[in-house]
Amino acid sequence: MSVPGRAFHLVAAGYEAHVMSVGATLRRLTSRGRDLVLPFEAAQVRPAMSGTLLAPWPNRVGDGRYVFGGATHQLEVNEVDLRNASHGLVAWSDFDGHQDRPDHVRLTTTIEPRPGYPWCVDLSVDLTLGESGLRQEVTAVNRSGSPAPFGVGGHPYLLAGPPGERAVDAWFLEVPAERVLTTDERRLPVGEVAVAGALDFRARRPVGDVVLDRSFTGLRAGPDGFVRVRVTDAGGRGAELVLDRRCPWVHVYSADLSTGAAHRAALAVEPLTCPPDAFRSGRDLIGLAPGASTTAGWTIRAVGGGGDAVSD
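Numbering (the working numbering) for the sequence shown: 1 to 312.
Honestly, I wouldn't trust all of these hints.
[To be verified] The following label-pair restraints were derived from C-beta to C-beta distances:
#1 100 to 295: 18 to 24 Å
#2 194 to 80: 32 to 38 Å
#3 80 to 261: 24 to 30 Å
#4 100 to 185: 37 to 43 Å
Calculated directly from the structure, the hints in this document are not laboratory data. For every residue, glycine included, the Cβ atom is placed at its ideal position computed from N, Cα and C.
Model the full structure from these sequences, guided by the hints.
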């Protein structure tokens with residue numbers, strides 16, 4: 001399914017963003033002409049969930065089956081080989097859009113009650129460009145008469161240079177996280193350990209041949225209260241994801257399931273409000289009360305090189 005939906009073009013401070021209404025998808029983001037995320041064509045099938053919004057859960061729910069509020073619910077299992085419900089319910093929803101100025105667009109949709117998720121939740125996504133890059137702010141409001149389980153995340157693939165087969169191997173990664181989840185063969189969490197060895201990216205170092213499909217937590221914020229996850233080349237040029245305390249998790253995926261030119265061509269750096277399988281574990285899962293709202297947000301910005309934004 002390509003379903004490009006409606007296109008929105010944002011411009012400000014040397015940045016340009018191309019956003020599609022389907023899935024509130026970030027299709028392209030550049031800084032002074034340099035790609036910061038994996039780009040794709042408007043009429044192309046979105047590759048590997050690139051740039052989409054993940055709600056009302058990010059990542060996976062094992063077997064699609066969970067208990068909430070004393071009732072058992074069964075979601076559609078759309079990751080058939082691994083028997084998981086994956087990436088939420090809005091990735092293929094066509095959001096309504098309103099662009100009120102060149103640097104901002106608001107996208108809105110409603111998650112209607114359905115088997116497996118019998119709640120009505122309104123979503124709005126504000127994307128704003130500025131000197132600090134592209135800010136994405138998500139608001140959810142529960143319109144149901146009972147509490148709703150909720151989590152949200154994003155799925156950008158960051159670039160530190162042109163994408164291409166095994167490009168990731170030459171890039172550097174910095175993830176200021178103290179802990180990482182261990183997973184089973186279905187990519188579901190089975191434990192948590194302190195980062196060490198090949199999974200310790202607290203200090204900037206090359207990705208090399210490390211295979212990454214892991215969720216990190218215990219994120220360390222800088223003096224300004226923000227967490228920065230960076231993907232850069234040898235000269236320090238690339239992109240970073242900036243998080244606040246509303247996203248205590250970040251999932252990093254090195255795109256190892258693809259073959260050919262897409263194999264390890266970009267590095268997914270995914271902000272998350274809760275870990276994988278939170279509908280079953282309850283960890284950091286939001287129980288959104290009737291009429292209540294919750295927000296989360298993140299920023300993608302350029303680092304290094306020729307006047308691009310650089311953070312300390």
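Each hint tested on the structure:
Here the CB-CB span from residue 100 to residue 295 is close to 19 Å, well matched to the stated 18 to 24 Å. As the Cβ distance of residue 194 to residue 80 is approximately 34 Å, the hint placing it in 32 to 38 Å holds. Judged by the Cβ atoms, the range 24 to 30 Å given for residue 80 and residue 261 holds: they are separated by roughly 26 Å. Roughly 47 Å separates the CB atoms of residue 100 and residue 185, a value that falls outside the hinted 37 to 43 Å.
When each numbered hint is compared with the structure, a violation occurs for hint 4 only.
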